[in-house]
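*Asks:* Mind docking chain D on chain L? Use the hints.
The listed protein sequences derive, respectively, from chains L and D.
Count along the first sequence from 1, add 102, and you get the number used in this note's numbering.
Count along the second sequence from 1, add 13, and you get the number used in this note's numbering.
Please note that the accuracy of each hint is not assured.
Below, simulated SDA-like cross-link-like pairs (lysine to any residue); rule was C-alpha separation at most 20 Å, straight line [stated by the list, open to error]: (1) L/K174 <-> D/G47; (2) L/K174 <-> D/S99; (3) L/K174 <-> D/A32; (4) L/K311 <-> L/C253; (5) L/K311 <-> D/A32; (6) L/K213 <-> L/D235; (7) L/K174 <-> D/E117; (8) L/K355 <-> L/A380; (9) D/K111 <-> L/I351.
Since the hints were made in silico from the structure, they are not lab data.
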Amino acid sequence: MCTVCGCDPAINNEHSNNVSSNEFTSEHEHHNHNHHHHNNQGLHYGQGEAGATVAGFSQNKLVQIERNILSKNNGYAENNRQWLDSNCLLALNLVSSPGAGKTTLLVETLKSLKHQIPVTVIEGDQQTDNDADRIRQIDVPAIQINTGKGCHLDAHMIGHALQEVTLPAGGVVLIENVGNLVCPAAFDLGEASKVVILSVTEGEDKPIKYPDMFAVADLLIVSKIDLLPHVDFDVDQAVEYARCINPDIEVLKLSAKTGEGLQIWKNWIIDRTESLTAQSTPVSVTEDTKYYA
Amino acid sequence: MHELALARSLIEIVDEYAAERHVTHIKQINVRLGEMSAMTRALHFCFSSVAEGTSCEGAILNIEIIPLTVYCGKCDAIKAPSGRYSFRCLDCGMPAHKVITGREMQLASLELFKTEEAFPTPPNVQQSLRLESI
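Just chain L, with the same shape it has in the complex (with noise of 0.2 Å):
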């Protein structure tokens, strides 16, 4: 791996067949080069004006482009949005710190709800199928994106991950991101809605450390609850740093290994599923969708 700016060639393997020859070559050569970006022979081409110096040197131009740098990630948003809407799917994009609990939170949940609304849930990983057999082992679809070195999921790998997705009207895509507080916050996946999950065990100011993620979250998750005697955090306090970066932000506490408001985060999910699907017409819906049963 590059040490000045973290890049792999592996980061492309989800995308290998998408990747355009261009930008396979650039990461190969980045690998091949010494990093001596002072002097990269390129960055001597910024001299001089058009004309002054070098002959057949035509006048340059400046355009106004005006475009969102993540306009192609977005693109790709838009397209799982719509697929998603037109299925009356709705998705939830979990984010987290490493070790927040997400899994356990998704197993413990799903132990019951499956029964309830039809789940297929997309597993983000650097490495291993381990979470997605996790989900499996109780009897609910999942699919595994392993990054490679990427550090968060985009619209892209969730729209290949989403064409293995057969679920009925009303179903839910639970999409469980890469454990990582920064770097999830900038890629919208088509999501409904992002949920950022903060344990106990952690420090209540996280909020404020990480503000990108919790200002684009729509419900905070208190995990691990059944901690709280054994440890410092302030849950009032965590709120309060929450809501100075998203006033609008919804919470709720449980644990997942005492079942305390697990319930209502259901019906959470529960109640978005109904408002989904009452809000849209079904289009090309049919009822023998190939559902997991």
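*Replies:* Using the frame of chain L, we list chain D on its own:
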């Protein structure tokens, strides 16, 4: 390190734009990043590496940082927040529900070299290193 993905995304947009217009080299790329955008000046670290072999190779990346502003419903005005980590109106202290500026990740403009022969050859150009890429 998602700056790498963002640098790649930026260069893809510019490269496509250049290809459509038969521009082989870009001289400068001007971007606007909000103070609260998920991207930082670390973009510089990845930019020149990702740019190699594309029309952006050798281009200068200029970053303009856009300050954070929020809309305060009580004052009915756009205000600076009371702190980077508190989206309350600086004047009345009410929580602000809407960020107006500060989340931008925009490619603003490009300066192009129009044709291939217009790309200056290093020996004729007075060489001076631009440190913006670090």
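*Asks:* Which of the stated hints cannot be reconciled with the structure, identified by number in ascending sequence?
*Replies:* Result: hints 2, 5, 8 break, sorted rising.
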